[in-house]
Amino acid sequence: MTTSMALHKISLTINEKQYDAEVPARRTLVDLLRYDLGLTGTKEACSVGVCGACTVLLNGSIVASCLTLAVQADGAEITTIEGIADGDKLHPLQESFMNNGGFQCGICTPGQIVASKALLDSNPHPTEDEIKEWMMGNLCRCTGYYQIIESIQKAAEAGGK
Amino acid sequence: MKFEHQVTIPASRDTINAVLHDVPRAARCMPGVQEVNQEADGSYTGSLRIKVGPMGFTLSGKMSVEEKPNEGLWRLTTEAQDRRLGGGIHANVEALLTEGGIGSTAMTMSADIQFIGRLGELGQPLIKRRAETMFKDFAENLRKEVS
Amino acid sequence: MRDFFFHAPDNLQEALSLLNEHGDDARLMAGGTAMMLMMKQSLLEANHVVSLHRVPGLAYINRDKGMLHIGALTKHRDVEASAEVKTTNPLLSEVYSRIATIRIRNVGTVGGGLAHSDPAQDPQPALLALDASVKITSAKGEREVALSDFLVDYYETALEPGEVITELIVPNAPDGAKGVYIKYLPRTADDYPTVGVAAIGVVNGGVCQDVRLGLGALAPTALRATSVEEALKGQQVTAQSVRQAAETVADLVDPLDDPRGSAEYKRDMSVVFARRALEQALGLS
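Protein chains in written order, with the numbering used here: chain U, 1 to 161; chain D, 1 to 147; chain L, 1 to 285.
One chain only, chain U, in its complex shape (with noise of 0.2 angstroms):
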């Protein structure tokens, strides 16, 4: 196949902002993300959907942005992890992980953050089983995940929304 393939015109909401783009089909949402919009929060790890590090919301549910073609999130709803604060207020998730060890190099974090929001949205008092049922594939090097599960669980003590 040797034609040079056509330029997708795409229109999505991202943290509540309107962005156009005009990409190839083989552009991932993460890359779109990243580098033709320049939101870097959203960090790419292992590019294959088991790491979690890439994870934002689409039309409310999260998925993994590095399996995901941008011309598949046309006319979408996204939230990174830019999204999550309220301004300069952070989301009690974000203040729940700087309080209780919740990261430590960082570059799970917006991932995690992303995910654990997505799960309190979904189940405000999760059990730590289903932190830990619905946090697998959010992998951390760093942590242990301990703290991760504590922050969450703070945070939803504290009514995490």
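Simulated from the structure, these hints should not be mistaken for laboratory data.
For each residue, glycine too, the CB sits at the ideal point set by N, CA and C.
Any given hint could be a false lead.
Label-pair restraints from in silico Cβ distances [unchecked claim]:
#1 A189/L with E79/D: 53 to 59 angstroms
#2 E247/L with M98/U: 53 to 59 angstroms
#3 E132/D with Y265/L: 17 to 23 angstroms
#4 G106/U with E94/D: 45 to 51 angstroms
When the alpha-carbon atoms are kept at most 30 angstroms apart in a straight line, the in silico BS3-like pairs for lysine-lysine are as follows [as the list claims (entries may be wrong)]:
#5 K68/D with K136/D
#6 K135/L with K132/U
#7 K40/L with K51/D
#8 K132/U with K178/L
#9 K51/D with K135/L
#10 K62/D with K135/L
#11 K128/D with K144/D
#12 K68/D with K2/D
#13 K128/D with K40/L
#14 K89/U with K17/U
#15 K51/D with K140/L
#16 K40/L with K9/U
#17 K62/D with K2/D
Keeping the supplied structure of chain U fixed, place chains D and L upon it in accordance with the hints.
Quick look at chains D and L alone, frame taken from chain U:
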């Protein structure tokens, strides 16, 4: 990756040797062979297509054949690459012919295949399974071709 | 990843006509997670991706007498979370909940998963045990295929060119049945299993009235162990009979050597986990 397959062919060793000597004819007994061309130096080039579900691999490369018809031995050595994927195979295929009764020959085919590069990482368990089937088909097709 | 043409038709007819137009050079995409993995490894040759994500009317879960009708574009997560499925067919709920992680289940679809046909996928053993079937649609019409006939080989199904799965039909488990799915994972919980076993059992007065056994990750497709079922049906349920029946599983399986285990190991484990699943389904443990 090694395997072996045996077939009994209702033909004499000489008849089978003649078919094996015609390398393009023998090669076409392998399912998926797309083309076989003879080069000036007596070697051959060709390509082989393997499909596993939606995945397709096209291996192209060189083949050379060593024949010892008096010993009933036919050996094909090939090196082929999948240009799209990056990676390839290095394979030795041997046919050992033993005359049975009149007009009947036992053919033992053995293969030693090495996967190189990405083809090895990605597909090995799958391709191995498919290769075994292709191999059996090769032996069966050869039997039909000769009979 | 190589570039390709991406089509997002608004309706099924358009999707089918795109498939017919491009033939071998087109591939349907549902959620796309499995497909993206193949595309990132340059394993897919199709230059035209026909996405179903805008096609309406194919995501639903309906109960009709003794069956669940699940639209092919229903997300795995929706099957997992559905109260209807949990009450009607809890084993189904369980197997869909075991797939990968929440991120994958939010995107992957019932039809896409079945079309992918990896032998280690979680739903298939239970779906076989439940005698599920799929509805397939093409420009020529519709046909229904038993799942056991639909799963043909590694990554190969009975789908012909120009066809798309539109529905999964799952009969309820028999009355009074206990269903269990054991996903044996020496590695991480989000992986495919080394051995996956689904068992359904109905026991009355100590006698096995009905038993079903589905085996996954042990052959080119998931398998239904009917010979094991026949050996146990109508018999008194004893630890000994279950153990003996489970031992015959070793002759039914044809596993691959791969990073999740050698063929020999999987064969040994098939017996162990078949036995455990049967014991649970038949009330011995």
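Here's how the hints hold up against the structure:
Separated by about 42 angstroms at the C-beta atoms, A189/L and E79/D break the suggested range of 53 to 59 angstroms. A C-beta distance of roughly 56 angstroms is found between E247/L and M98/U, which places it inside the suggested range of 53 to 59 angstroms. Between E132/D and Y265/L the C-beta distance comes to about 20 angstroms, which sits within the given range of 17 to 23 angstroms. Distance hint check: the CB atoms of G106/U and E94/D are about 58 angstroms apart, inconsistent with the given range 45 to 51 angstroms.
With a C-alpha separation of about 23 angstroms, the suggested pairing of K68/D with K136/D holds against the 30 angstroms cut-off. At roughly 36 angstroms between alpha-carbon atoms, K135/L and K132/U are farther apart than 30 angstroms, so this suggested pair is violated. For the proposed pair K40/L and K51/D, the alpha carbon gap of about 18 angstroms is at most 30 angstroms, so the pair holds. Under the criterion of a C-alpha separation no larger than 30 angstroms, the hint pairing K132/U with K178/L is consistent with the structure, at around 27 angstroms.
Restraint check for K51/D and K135/L: satisfied, since their Cα atoms lie roughly 26 angstroms apart, inside the 30 angstroms limit. Taking the CA atoms of K62/D and K135/L, the gap is near 46 angstroms; set against the 30 angstroms cutoff, the hint is violated. Among the hinted pairs, K128/D with K144/D is consistent with the structure: their alpha-carbon atoms are about 24 angstroms apart, no more than 30 angstroms. Under the criterion of a C-alpha separation no larger than 30 angstroms, the hint pairing K68/D with K2/D is consistent with the structure, at around 22 angstroms.
Between K128/D and K40/L the alpha-carbon distance is near 22 angstroms, which keeps this suggested pair within the 30 angstroms criterion. Taken as a hint, the K89/U and K17/U pair is honoured in the structure, with Cα atoms around 18 angstroms apart against an allowance of 30 angstroms. At roughly 27 angstroms between alpha-carbon atoms, K51/D and K140/L fall within 30 angstroms of each other, so this suggested pair holds. Simply put, K40/L and K9/U have alpha-carbon atoms about 22 angstroms apart, close enough for the 30 angstroms limit, and the pair holds.
Under the criterion of a C-alpha separation no larger than 30 angstroms, the hint pairing K62/D with K2/D is consistent with the structure, at around 20 angstroms.
In the structure shown, a violation is registered for the earlier hints numbered 1, 4, 6, 10, in ascending order.
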